[in-house]
Amino acid sequence: MSQLAIQVQNLSKFYQLGQIGTGTISRDFERFFATKILGKEDPFHKIGQTNDRTTKGSSDIVWSLKDISFDIQQGDAVGIIGRNGAGKSTLLKILSRVTSPSKGVIKIKGRIASLLEVGTGFHPELSGRENIYLNGAILGMRKKEIKRKFDEIVDFSGVERYIDTPVKRYSSGMYVRLAFAVAAHLESEILIVDEVLSVGDAEFQKKCLGKMNDVSRGEGRTVLFVSHNIGAVRTLCQQGMYLKNGQLEYAGLIEDTVTKYLIDTSGRGGVPIRNRADRIGNGQIRMDEIIFINRQGLATEEILSGDYLRIEFQFQKELNVPIHDMIIACSFSDQYDNKVVSWVSDEMPHQFREKERNYFTLEIPNFNLRPSTYNFSYQISRKTTAPEDFCDVLNNVATIQVLASDFFYSGKNIRSANSALLYATFQ
Amino acid sequence: MKEKVEHWDMIIEGKTSLFSLQFKDVWRYRDLLMMFVKRDFISFYKQTILGPIWFFVQPIFTTIVFSFVFGKLAGISTDGLPQYLFYLSGITAWNYFADCITKTSTVFRDNANIFGKVYFPRLIMPLSIITSNLIRFGVQFALFLIMLFYFNMKGEDVHVTSAALLFPYLILLMALLGLGVGLIISALTTKYRDLSFLVSFGVQLLMYGTTIIYPLHSAPRQYRYLLELNPMTFIIEMFRYAFLGRGEHSVHGIIYATSVSVILFILGVVIFNKTEKNFVDTI
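Chains as they are written, first to last, in my numbering: chain A, 1 to 427; chain B, 428 to 710.
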C-alpha cells in the first residue's frame, strides 16, 4: 500500500495588493482587535477575492490560494501547471516553509528539500569549494553529508578545474551548474523544484532532467515540479495538478491534467494582425487574423508533436479584386529564422474560389515538428509569387509551441529540437 | 473503518503558538551557523592586502581620536587611567554590542533574498551575526590585552582584578542584549521601515549615554539615574573594573543588567519567530 507523503487540507493564502505603508497600521489594529479581543474571524479575509490578475478587483486583499486540498503519495512525481499567477509558486513557497499559509494545514512525512532557485546564498567572494559547503548547509545538509558527496557533486557540475576559484569569476553557466549539482545531491524524501531548468545550456538541462528522473523513478523519492515547460513536466511526472486563479482546477494523471490545461488555455490563440504596419505588398488582399485550431476545434497556441492542426486565415480584400488567382505561401521557422516547413498553394495545387466567407483554412493532419517554438509567416500574392505581385507579406505573425509527445509510440517522449519529424523504422 | 494514527514529521499551519520556538531545528542547522560565520570571516578580508589586520584599524584610530578630542581638548576625566587604555576598553566592548544591534536589526532586509527562497530556522542568521562579531571582538580584545600588558610594564597603575572571571558572563550579557534589541527592531522594520532610520544614529547617541568616554562616578548626581537606566553602563563599568581595576562595580547593577538582557532577549526571540513566518510577503 502506498503511503501519503504530503497531505494538504483547505490551504489558503491571501496577499495584500498595492502599497504597504500608511493605513496598514490602523488596519493592523483593527485586525488585532477583531481576532484577538473579540475572537472573530479576520475581517479582511471575508472581502478577499480569487486571484485573477487580468481583471480589476474591488478589494486589495487577494487570495493567491484558496481552499486547496490534495494528497500526494510517497514516490510520486507531481507536476504542477497553470498560467502565470495561478498560485504555483505560492504553493511551493508554503510547502517549503518560506512563507506560511493564512489558513489550512499541511502535513508532511519526511525531510523536504526545496529548490526554488539555484545557487541561493552563493557568496561571490568564496571559492567553488566553500560555496558547495555553504549552499549545501543552507539547503539543510550536514557538513559530513556534504563531505561524503563532495567528489560526486564536483563531478556532476563539471567545473573541477575552477573549484578553488571565487565564483564571481565563473561564467553564468558554470555558476548554475555548480549550484544545481549541490541541490541534486540533497538527500531528502521530498524534493520541490520550481522552474530552475530554464537556465543553463541544453546539454546541462538534459543532465538535470535526467537526474530528476533518477530521483523520482530510481530512488523512489517524492518530487513536486513546477514548470512552464509542459514537455518536461510530461516526461518527469506521472501525476499532475492544474492550478487556476489560486484554485485547484484539476488533479490526476499528468496526461489528463495537461490535456485539461491545454483545452483551458486555448481560446487565446487568435492573433489579430490588422494593425501591424510592417507588412509589404499592395494591400489588395490583407490578412486580419491568423488562428491556430487544435483537434478539439479550439483556438490554441500549443500543440502536441504529431497532432492535428488547422490554421484559419481571416482576410479582407478590395472590392473588385478576384481571389481565384491568389497564391498563398506560408511557413513555420525556428527561433533562428530557419524555415522548417512551408506550403505554397499553387503547388498543392489549390485554386481559391470566390465565396461569401472571408476566411480559408489550411489543414495539417499531422504536425510533425519536434518540440520547440516556431514562428508562422505568410505571403499572399496574385498570379505569380514575384515581389511585384505581392499583396500582403508578413513575417513572424504568430508563434506555436510544440510540446513533446510519444511520436513513435515507443513509450518515450521525443526530444526537443528545431526540426521536422518523419515516420521511419530501423531494420 | 479503522482510523490509523498517522505519524507526521512536520505540520505546517497558519497559526502557531507564540512559544513554538523550534530550538531543536536551530540545533539541527548548527553546521549552517558555522558556515555563515566562516563566510563572514573569509569574505571580510578576501582581496585585501592587510587581511584580518583590518580588525585592529577601527579601534586604534577611534581610540586616538577620542584621546585627542575628549582627553586633550575637552579634558574629560578618565578616572586616573591612561587615556588610551580607558578609551580602548570602552570602545572594544561597545563595538561588540553596537555591531550586534545594527547587524541584527537589518537581518530580514539584508537576507530577504535567501529567506525568500529557502527555509532554515531564521534565528540561525542573527546567531551567526553575533558569533561572527564575537570573533572580531576576540581579535580586538587581544589588542586590548597587548596594550594592557604594555602599560603594565610601563608601571602605570592598572591591575586586573578577580572580576575578570566574570568576563565571559559580561560578553554573554552584551550578546543577549544586542541580539534582543536587534531582533525586536528587525521584526518591526519588516513592515514599517521607519525604525531602521533610528538604529544607526540611535546606537551612536546611545554610546554617549553609556560610560564609554567618561567614568560613571564623574557624572553629575542629578543625571546619574539616567545612565543607570542603561544596562550597558553596568556592563562597561564592570568590564573596566575587571581589567583596569577602576570603575564602579555593584552586584545590583549586574543583576539589573542581567534581567533587562534576558527579558529583551526572550521578547526579541518571540517577536522574531512570530515575524519570520510571513515577512517574505511584506518586506
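Mixed in with the good hints there might be a few duds.
Stated by the list, open to error - Below, computed lysine-lysine pairings styled on BS3-like, alpha-carbon distance capped at 30 Å: (1) K473/B <-> K144/A; (2) K704/B <-> K107/A; (3) K701/B <-> K473/B; (4) K451/B <-> K473/B; (5) K168/A <-> K701/B; (6) K701/B <-> K103/A; (7) K107/A <-> K701/B; (8) K451/B <-> K107/A; (9) K355/A <-> K244/A; (10) K109/A <-> K473/B; (11) K107/A <-> K143/A.
Unchecked claim - Interface residues of chain A toward chain B, partial, derived using beta-carbon atoms under 8 Å: (12) K109; (13) E125; (14) R142; (15) A329; (16) C330.
Said to hold, decoys possible - Rough simulated footprint, nothing fancy, chain A against chain B, three-plus residues with beta-carbon under 8 Å: (17) 466-479; (18) 649-660; (19) 702-708.
If you're looking for bench data, these hints aren't it; they were derived computationally from the structure.
The beta-carbon is built from N, C-alpha and C at its ideal position, and this holds for glycine as well.
Tested hints:
| no. | hint | result |
| --- | --- | --- |
| 1 | K473/B <-> K144/A | 26 Å, holds |
| 2 | K704/B <-> K107/A | 17 Å, holds |
| 3 | K701/B <-> K473/B | 36 Å, violated |
| 4 | K451/B <-> K473/B | 34 Å, violated |
| 5 | K168/A <-> K701/B | 36 Å, violated |
| 6 | K701/B <-> K103/A | 16 Å, holds |
| 7 | K107/A <-> K701/B | 20 Å, holds |
| 8 | K451/B <-> K107/A | 19 Å, holds |
| 9 | K355/A <-> K244/A | 42 Å, violated |
| 10 | K109/A <-> K473/B | 42 Å, violated |
| 11 | K107/A <-> K143/A | 28 Å, holds |
| 12 | K109 | 5 Å, holds |
| 13 | E125 | 4 Å, holds |
| 14 | R142 | 6 Å, holds |
| 15 | A329 | 49 Å, violated |
| 16 | C330 | 45 Å, violated |
| 17 | 466-479 | holds (count 5) |
| 18 | 649-660 | violated (count 0) |
| 19 | 702-708 | holds (count 4) |
Violated hints for the displayed structure, listed by number in ascending order: 3, 4, 5, 9, 10, 15, 16 and 18.
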